[in-house]
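Going by the numbering used here, the sequence shown opens with residue 42, and the numbers climb by one from there.
Don't take each hint at face value.
As the list claims (entries may be wrong) - Heads up, simulated DSSO-like pairs for lysine-lysine below, C-alpha to C-alpha not over 27 Å straight-line:
#1 Lys87 <-> Lys138
#2 Lys276 <-> Lys87
#3 Lys105 <-> Lys128
#4 Lys277 <-> Lys224
#5 Lys277 <-> Lys87
#6 Lys138 <-> Lys345
#7 Lys105 <-> Lys212
#8 Lys194 <-> Lys276
#9 Lys276 <-> Lys212
#10 Lys128 <-> Lys138
As the list claims (entries may be wrong) - Distance ranges between label pairs, derived from CB positions:
#11 Asp325 <-> Asp267: 41 to 51 Å
#12 Asp325 <-> Val262: 20 to 30 Å
#13 Lys87 <-> Met229: 33 to 43 Å
#14 Val169 <-> Lys194: 12 to 22 Å
#15 Ser275 <-> Glu106: 17 to 27 Å
#16 Lys105 <-> Glu320: 41 to 51 Å
#17 Ala132 <-> Asn241: 47 to 57 Å
#18 Arg168 <-> Leu136: 40 to 50 Å
#19 Asp221 <-> Gly43: 48 to 58 Å
Please keep in mind that the hints were generated in silico from the structure rather than gathered at the bench.
If you're wondering where the values come from, they're calculated on a predicted model, not measured in any experiment.
We put the beta carbon where it would ideally sit given N, CA and C, even for glycine.
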Amino acid sequence: MGLSAVIDLGTNTFRLLVAEIHPNGFTTVFSQNQIARLGEGFSEEKSFRPQAMERAMGILRAFKEILDRYTINPLTVVGTSAFREAKNRQAFLLLIKERTGLDVEVIAGVEEARLTFLGASLAFPNRVGPMVLIDIGGGSTEVIIAEGEAPSKMVSTPLGVVALTERHLRKTPTTNEACDALKREVAMTLREVVPSSPQNAFFSGTAGTLTTLAAMDQQMVIYDPDKINGYCLSKKAIEAILHQLLPLSMEERCRLPGLERGREDVILAGILILITLMELYHYDQVYVSDYGLREGVLMDRYRKSSFTPKN
């Protein structure tokens, strides 16, 4: 098989991966993330705003130019939380097709969780026993529990950092009252859908909040995925970063090593989701994966294409 590519159209971030795939994993040829903020205002309107769609189209055109440098087979483009809910989804999908030629596959929340687990697990090849994986995204948060190699419980919740930020954290400096209100909403939702979690599990996380925290904890000026995969974040370290961010303006946050521009306003919501999860399920540390949905899609498509049914 030649080069494969995946584009993950997240509610906050678009991620492109071009890779050479093999049975035990893949070799990255090109990788890029761009913050699209497709979910801007989404919690109020349940529709993509024109300016958000224009931002998204600009990123997709740039991605297409990159892809045209390679011979790709197959190319998979997946849409997640915002695409599942948007009232004007179909019009936007048609616009993407007309302007870029890209066909977007909108995947269900449980399928997103399955594929994310498949991809994120690649960062922990030596993991044994039960595993809990959280995927804190722009429009949703997934909780995946695996007793063995495959997930036994997958839950997709509407706890996305973009909507939670718009509801609770519009003002800076951020108050303790605003943080507490956000945490109460998160805890109430999680108690309903994930009442318990294995106490002896390998607790792990993927997506922008987790990778940003790992980069900030390491004072990372240039992002290095190899130093992110498998990195252990303590709850104490996460809380220290939270308290460092609370009094800062958006511009001051951007000056902190490891915090990419474009994530400065939503990072607090992601941290508060993570801390609430750790408090609810009594975890003191979390292991971070730079891999996630796009890597899971890559491996899933490869395995399906390699499967030859017996006569």
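Pair hint outcome, Lys277 versus Lys87 [Cα-Cα no greater than 27 Å]: violated, 36 Å
Pairwise hint evaluation, Lys345 against Lys138, where the allowed Cα distance is 27 Å at most: Between Lys138 and Lys345 the Cα gap is close to 25 Å, so the pair holds against 27 Å.
Range agreement (Cβ of Gly43 with Cβ of Asp221, hint 48 to 58 Å): holds, 52 Å
CB-CB spacing for Lys194 and Val169 relative to the 12 to 22 Å hint: holds, 19 Å
Restraint status (C-alpha distance of Lys276 to Lys212 at most 27 Å): Satisfied, since the Cα-Cα distance of roughly 25 Å is no more than 27 Å.
27 Å Cα cutoff - pair Lys105, Lys128: Given that 27 Å is the threshold and the Cα spacing comes to 26 Å, the pair holds.
Given hint Lys138 paired with Lys128 - CA-CA distance at most 27 Å: Cα-Cα ~18 Å, so holds.
Asp325 paired with Asp267, Cβ distance criterion 41 to 51 Å: Violated - the Cβ-Cβ distance for Asp325 and Asp267, about 25 Å, lies outside 41 to 51 Å.
27 Å limit on alpha-carbon distance, applied to hinted pair Lys105 and Lys212: Since the Cα atoms of Lys105 and Lys212 sit roughly 37 Å apart, the hinted pair is violated (cutoff 27 Å).
Given pair status - Lys224, Lys277, alpha carbons within 27 Å: holds, 17 Å
Distance restraint hint 17 to 27 Å, applied to the beta-carbon atoms of Ser275 and Glu106: Distance hint for Ser275, Glu106 is violated at roughly 41 Å.
Outcome of range test on Cβ distance (Ala132, Asn241; 47 to 57 Å): The hint (47 to 57 Å, Cβ to Cβ) holds, given that Ala132 and Asn241 are roughly 48 Å apart.
In summary, the numbered hints that this structure violates are 2, 5, 7, 11, 13 and 15.
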